Amino acid sequence: MRRALPILAVLVALLTAIALVNPHFLEPAGFLAFLKRAAPLVILAAGQYFVIVSGEFDLSVGSLVTAEVVIAARLIDGDESATWPVLVLLIVIGLLVGLVNGVATTKLRVPSFIVTLGMLLILSGAVFLWTGGAPRGALSEGFRVFGRGGLGPVPWSVLILVALGAAAIRLMRADFGKTLMAAGDNERAAALSGVRVDRVKIFAFMLSGLAAAVAAILLGGFAGVSAQVGQGLEFSAITAVVLGGVALGGGRGSVPAAMAGAVTLEALFTLLNLYGISGALEFTVQGVIIIAAVAAGAIRLPWKPTPRRGDAHAAS
Amino acid sequence: MPRPEAAIAVLAALLLAGCTTDRPTATTQPAAPATSAQGSGTGTQSKFFVQADFDAQLAMRSQTPQGPAAKPWEQAIDPKMIDTAQYKKDGPYHLCFSNAAVNNPWRQVGWKTMQAEVALHEEIGEFTALDAEGKDDKQISDIAELQAKGCDALIVSPNTTATLTPAVTAACAKVPVIVFDRGVETDCPVTFIKPIGGYAFGADAAEFLTEKVPAGGKVLALRILPGVDVLETRWSAAKVVFDRSRLQVVGVEFTDGDAAKTKSIVSDYIQRHGTIDGVWMDAGATAVAAIEAFEDAGLPVPPINGEDQQDFLQKWKDAGLTAVAPTYPTYQWRTPIIAALKILKGEEVPERWNLPQPKVTGDNLADYLQPDMPPLHYALCGCEDLPGFPETWGGKKG
Numbered sequence: 001m002r003r004a005l006p007i008l009a010v011l012v013a014l015l016t017a018i019a020l021v022n023p024h025f026l027e028p029a030g031f032l033a034f035l036k037r038a039a040p041l042v043i044l045a046a047g048q049y050f051v052i053v054s055g056e057f058d059l060s061v062g063s064l065v066t067a068e069v070v071i072a073a074r075l076i077d078g079d080e081s082a083t084w085p086v087l088v089l090l091i092v093i094g095l096l097v098g099l100v101n102g103v104a105t106t107k108l109r110v111p112s113f114i115v116t117l118g119m120l121l122i123l124s125g126a127v128f129l130w131t132g133g134a135p136r137g138a139l140s141e142g143f144r145v146f147g148r149g150g151l152g153p154v155p156w157s158v159l160i161l162v163a164l165g166a167a168a169i170r171l172m173r174a175d176f177g178k179t180l181m182a183a184g185d186n187e188r189a190a191a192l193s194g195v196r197v198d199r200v201k202i203f204a205f206m207l208s209g210l211a212a213a214v215a216a217i218l219l220g221g222f223a224g225v226s227a228q229v230g231q232g233l234e235f236s237a238i239t240a241v242v243l244g245g246v247a248l249g250g251g252r253g254s255v256p257a258a259m260a261g262a263v264t265l266e267a268l269f270t271l272l273n274l275y276g277i278s279g280a281l282e283f284t285v286q287g288v289i290i291i292a293a294v295a296a297g298a299i300r301l302p303w304k305p306t307p308r309r310g311d312a313h314a315a316s
Numbered sequence: 001m002p003r004p005e006a007a008i009a010v011l012a013a014l015l016l017a018g019c020t021t022d023r024p025t026a027t028t029q030p031a032a033p034a035t036s037a038q039g040s041g042t043g044t045q046s047k048f049f050v051q052a053d054f055d056a057q058l059a060m061r062s063q064t065p066q067g068p069a070a071k072p073w074e075q076a077i078d079p080k081m082i083d084t085a086q087y088k089k090d091g092p093y094h095l096c097f098s099n100a101a102v103n104n105p106w107r108q109v110g111w112k113t114m115q116a117e118v119a120l121h122e123e124i125g126e127f128t129a130l131d132a133e134g135k136d137d138k139q140i141s142d143i144a145e146l147q148a149k150g151c152d153a154l155i156v157s158p159n160t161t162a163t164l165t166p167a168v169t170a171a172c173a174k175v176p177v178i179v180f181d182r183g184v185e186t187d188c189p190v191t192f193i194k195p196i197g198g199y200a201f202g203a204d205a206a207e208f209l210t211e212k213v214p215a216g217g218k219v220l221a222l223r224i225l226p227g228v229d230v231l232e233t234r235w236s237a238a239k240v241v242f243d244r245s246r247l248q249v250v251g252v253e254f255t256d257g258d259a260a261k262t263k264s265i266v267s268d269y270i271q272r273h274g275t276i277d278g279v280w281m282d283a284g285a286t287a288v289a290a291i292e293a294f295e296d297a298g299l300p301v302p303p304i305n306g307e308d309q310q311d312f313l314q315k316w317k318d319a320g321l322t323a324v325a326p327t328y329p330t331y332q333w334r335t336p337i338i339a340a341l342k343i344l345k346g347e348e349v350p351e352r353w354n355l356p357q358p359k360v361t362g363d364n365l366a367d368y369l370q371p372d373m374p375p376l377h378y379a380l381c382g383c384e385d386l387p388g389f390p391e392t393w394g395g396k397k398g
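Going down the list, the protein sequences come from chains A and B.
For the first sequence, counting from 1, position 232 maps to 232 in the UniProt record's numbering; every step adds exactly one.
For the second sequence, counting from 1, position 79 maps to 79 in the UniProt record's numbering; every step adds exactly one.
Among these hints, one or two may not hold up.
Partner residues aside, some chain B positions facing chain A, computed with beta carbon under 7 Å [what the hints assert, rightly or not]:
| # | residue |
| --- | --- |
| 1 | P68 |
| 2 | E211 |
| 3 | P214 |
| 4 | A215 |
| 5 | K263 |
| 6 | S264 |
| 7 | Q271 |
| 8 | R272 |
| 9 | P374 |
| 10 | P375 |
| 11 | G394 |
Just so you know, the hints here were simulated from the structure itself, not pulled from any lab data.
Predicted model, so just to flag it, every value in this text is computed and none were measured.
Note that CB positions come from ideal geometry on N, CA and C, so glycine has one too.
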């Protein structure tokens, strides 16, 4: 957790700044509303973390979210009884897209940047073709409750976020997490020491696909059908992970820090909005963060030698 | 801190507008109650605002259009007819269309409607359409390409006004040109077709709020994005109306047309102000998301405006809202085909073809609500009598 400290400091500073402008923010209702809004991005960031820490990228999550919401609306078409089968189908689609990404990256040896960029284009093209630009159908109330409703005062999306966050942390502490970290740090060394690199990477992509499916369920539930729902989410997720101090290229960083990065990014957007800065600037801010965070990670301060933690795993 | 030139600009604007807003840009108002005693909170007027156009559009709303009442896409308000005998030729005709884009539901509905209109006319031998995919440079080369295809008439829906003007001017020399939706900065097209316009849209919605929201009520204005002429006119007209009213505009926010963002913004305002008494929107696509923000907060939905999309009309009926829906009718996509045929047959057409721009109100809501159509379908497509309706537009046979 020590590694998550810098991002937590930034997060506290941002939350304080928001609270100064909007005192309601720190009341339980206000803060829960904020978490509810942040939940999809935090879940996506957790999924993206698995892929990035294994040394790869997943650029397909944004268009996967859009595709999932559009598919759900078309298949449910307002029919309550279709809710649960479609929810299961969405999860399966998410895992399947992750599987394809993973297999193409590991078995076909295509760089993940290209594979997932291709998947982004395939999915967004397919959605456009299928819908003709205007999504059809409607989501049922039962589907929307996950993004809209709550258990008493606590939104479902916050509960889902807590459950998935805990699962992600446990997963990284289990053998899978250690082998994933090793594969991302030094693929060859990991393979030589008996890690099935391809298998853990495919699993990481499937986790990212799963995260996209859950994010789609929450986002579709929150605001309904839209063909723009997933726009730019892949970059937000990557920015969040990098902001959490996770190294692009793999092998370093923790999942709580990546999730804290997502909350921080959402807090930053909230703050920009409170000061009336247009949404168009969000992309600029994300671009600056990605470059600055990666540059900061590359600078080694002379009086603070940081051992590459991943080496320990790779050697073990 | 504001720079001196910005301060001077604000001061000048204040003197001109005679209002006492305290911020140079139209953004969030501070939560402090001190602002309530000041102006209407609408910020400075848009640089796109043209008083004469504003006055003309508002006047057009009450004028009776000429032409068949059952076919508003053939009607024209105060038309000045021009002779087209010089373009007369025998059929069959080859019509060409340079389309700015089909990248949103409005253009989707319109494009399907135009294709169906083409199918109605046997005298159209060939119809060639190129989609510029929202890019000016592609549309410029599209227009050049179409001129080489032997078109008898060229229809253009420009992507942007200024950039496409030279391309349209060049085409005018070779073939009769019909422009619709957004305009160009030249009179060379034979006719320019459009509904009344953005000022009428914005004013219709704002006037409704000034009627329904009690004096001193807090209004939240939601805009898609700044700097687009067709959207700037809507907001600038609303600003004029709000400035004359006793309503207090507590915020003018940009939503990027994103439902989740819209819902978040409205939720934030409800939280900050306790309640919001009216919502003005420059486009209806995210109106349902704004309404849900009130529902989820357990508050009654205040007077609001949307557009003629089915999801909003359905919500309006189901929740019994106090609402209005100004429109930018998609039936205008039928008119260019009709105009092209009139021109090629040597019949008179209006020089500026101003189509009527009806609004959906509580009284006529039932006429426009079509539960069998998809949620993002626009009710004023004028496509109900066209072959292939409703399936082509994504609807189910009722």
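Evaluated hints:
no.: 1; hint: P68; verdict: 29 Å, violated
no.: 2; hint: E211; verdict: 28 Å, violated
no.: 3; hint: P214; verdict: 24 Å, violated
no.: 4; hint: A215; verdict: 26 Å, violated
no.: 5; hint: K263; verdict: 5 Å, holds
no.: 6; hint: S264; verdict: 5 Å, holds
no.: 7; hint: Q271; verdict: 5 Å, holds
no.: 8; hint: R272; verdict: 6 Å, holds
no.: 9; hint: P374; verdict: 4 Å, holds
no.: 10; hint: P375; verdict: 6 Å, holds
no.: 11; hint: G394; verdict: 5 Å, holds
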